[in-house]
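Start from the sequences and build out the full structure, keeping to the hints where you can.
First to last, the protein sequences are chains D and A.
Residue 80 in our numbering is what sits at position 80 of the first sequence, and the numbering runs on without skipping anything.
Residue 241 in our numbering is what sits at position 241 of the second sequence, and the numbering runs on without skipping anything.
Be aware that a few hints might be false.
Below, computed lysine-lysine pairings styled on DSBU-like, alpha-carbon distance capped at 35 Å [claimed, not checked]:
| no. | chain 1 | residue 1 | chain 2 | residue 2 |
| --- | --- | --- | --- | --- |
| 1 | A | K209 | D | K234 |
| 2 | A | K181 | D | K206 |
| 3 | D | K230 | A | K45 |
| 4 | D | K37 | A | K278 |
| 5 | A | K231 | D | K206 |
| 6 | D | K206 | A | K307 |
| 7 | A | K24 | D | K37 |
| 8 | D | K37 | A | K159 |
| 9 | A | K320 | A | K278 |
| 10 | D | K45 | A | K278 |
| 11 | D | K234 | A | K211 |
| 12 | A | K278 | D | K235 |
| 13 | A | K161 | D | K206 |
| 14 | D | K206 | A | K159 |
| 15 | A | K209 | D | K89 |
| 16 | D | K37 | A | K320 |
Quick caveat, the hints were computed from the structure, so don't treat them as lab data.
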Amino acid sequence: MKIGIPRALLYSIYLPLWKTFLESLGHQIVMSSHTDKKILDNGVKFCVDDACLPIKIFHGHVMDLAHKTDAVLVPRLVSIHPEEYICPKFIGLPEMIKHSVPGSPSLLVMDYNARSGTEKAYHGMKTLGRELGASEKLIKRALSEARIRQAEHERRMEREKGLNPAHALDGKGMEGIIRLEQGTIGLIGHPYLVYDQFINMDICNKLAARGYGTVFPENIPMADIEAACKRYPKKMFWSYGKRLLGAGLTMMGDRQVDGLILLTSFGCGIDSFVDELLVIANRRKYKLPLTIITLDEHTGQAGFNTRLEAFIDMIEWRRRYDNYIPAHGLAVYTGKGTFR
Amino acid sequence: MSKLELYLGLDVGSVSINLVLLNKDYRVLEKLYLRTQGKPIEVLKEGLEKLYESMPAGSNVSGAGVTGSGRELAAAMVNADVVKNEITAHGMAVLQYIPNAQTILEIGGQDSKIILLRNGVVADFAMNTVCAAGTGSFLDRQAARLNIPIQEFGSLALKSKSPTRIAGRCAVFAESDMIHKQQMGCRREDIIKGLCEALVRNYLNNVGKGKEILPQIVFQGGVAANEGIKKSFEEALGHPVIVPEHYDVMGALGAAILAHREMMRGEATKFCGFHSIKGSFATNTFSCSGCPNLCEIVEFYLDGKVKARWGDRCGNWSRKESV
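Next up, the structure:
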């Protein structure tokens, strides 16, 4: 069977798991195109209007695959880490697609729920395997192969600082560029913003053109993230909230970056407090250049470019000042970041 | 060669186009504040012609800087030496004219921003996110609806004795709330003052969220002409708010200063001169079909020849040799 996988939401993180599993069961995988204007337009047109931009774009990707494939895979991610949840929109995603996308393409729903333990997370995949008519033996082998590939992918993201997982999956094999001649910017945001070149207005290349490399949340080891989040009295039970917060704090604390850009899509509930916690921590302690850029359906780039340009100007302005030691008080910006 | 060196600054914004001429000592020789009226090219051309007439004998432009949301367009028209974003330009201008300023509140036609200056550099800034509520274009609209000239909007607010409360989160909510209050029989000045307070509340909670607002506080941009808003800022912040002499053209001033600094490196200006502005400018927009992004490409013509192109994501059009 020809199965389509939408190049949207968390595909850049979980593709090796999904793709290897389905391929090992003997199916052919077709990826949707990289996000473009048509996908965006379709998503906005058919999705419920109060959903966030990444969810709308997922709809567009499903439509892109509808006529090219026999079925489209719609993962239902309930929880990706024991005793934590992710955004509830992921839980309702298959239903949203079913009721919104015209022409009702046939969908393969695959649950993933690690809430009560990592091993139990794979039940949903086994169920899908059975629905696809595979033998227990084949399912077991496919799953074990898929988990090996997934672990390799995750290890690689942590090991190769600055590696963009979406690029890695495209086989560009590009080594991470974390430090260009001017420095490094920490890009904090959900994978579907940070690794989607269309939604984020090509921010990585724009930064590179000004001489800045980028480092991403997925490049920060989980142990560092957990340790950084321990300072808060309560547990972060949103997995991505924890990742973004912990990654941001680690980057600031280790002075790995010259500045932080928080990318958020309009209306994101998790970001609304994670970004705030990062802003407060930065104001109280780290005092690095930091800005929040909100992304939505705009295709005009002027507003985005203005904010990005002004942010880089600010970093460079502050850095020039940093070389001069005032006779009174402390410099605003203490020390350029170095990557360990 | 004892020619008087002048520096041109242009700020092409959504509501106004501002032009300034500075001398080497950053003294303003001429400034123009023109309404964009949806036709930036014509208005800019008109403004440049006026500016040319006002130039002292024996002077010439030794550098040109542009800023504002229409900066690409303006840069293509005049061959600017510096093309800069509004934050840097505004910060530059304030540091020059009010060196002890620590906070800039800037409200323009469609943007509002806060810029924090510490020890002579921009230390932090924020801009409105996706919504333009509470900016100049909204005030313009409300003034038109109430049939009050925008120039009198602020002074009318000062007459209010008991301002009414207006919802400020969103321009649509604010407008419907204003209409409700008007139908309830509230006095016009109380409604307008209420609107000023709502806009200030919204600005401080949204753009100014979590920012340390320290004096001196400078208020600029077109909306700074509105005394009602200035008063509401002072009431909310508990500090006097300074509106600089050239509050309405600070972006253009910053652009001119940046141009001067750029020219100090010793290169000759690229500015095309006032005579070539007399040519006929035109634009053409088309949708590129090279990839599914279908970017809207703008072609900019001078006397029938393509001078520049922009709007493409890939850069293939903007890089292309102009004729």
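Quick rundown of the hints versus the structure:
no.	hint	result
1	A/K209 / D/K234	holds (24 Å)
2	A/K181 / D/K206	violated (48 Å)
3	D/K230 / A/K45	violated (60 Å)
4	D/K37 / A/K278	violated (38 Å)
5	A/K231 / D/K206	violated (41 Å)
6	D/K206 / A/K307	holds (24 Å)
7	A/K24 / D/K37	violated (47 Å)
8	D/K37 / A/K159	violated (51 Å)
9	A/K320 / A/K278	holds (25 Å)
10	D/K45 / A/K278	violated (45 Å)
11	D/K234 / A/K211	holds (26 Å)
12	A/K278 / D/K235	violated (66 Å)
13	A/K161 / D/K206	violated (52 Å)
14	D/K206 / A/K159	violated (50 Å)
15	A/K209 / D/K89	holds (28 Å)
16	D/K37 / A/K320	holds (23 Å)
Figure legend: structure checked against the earlier numbered hints; hints not met, in rising order: 2, 3, 4, 5, 7, 8, 10, 12, 13, 14.
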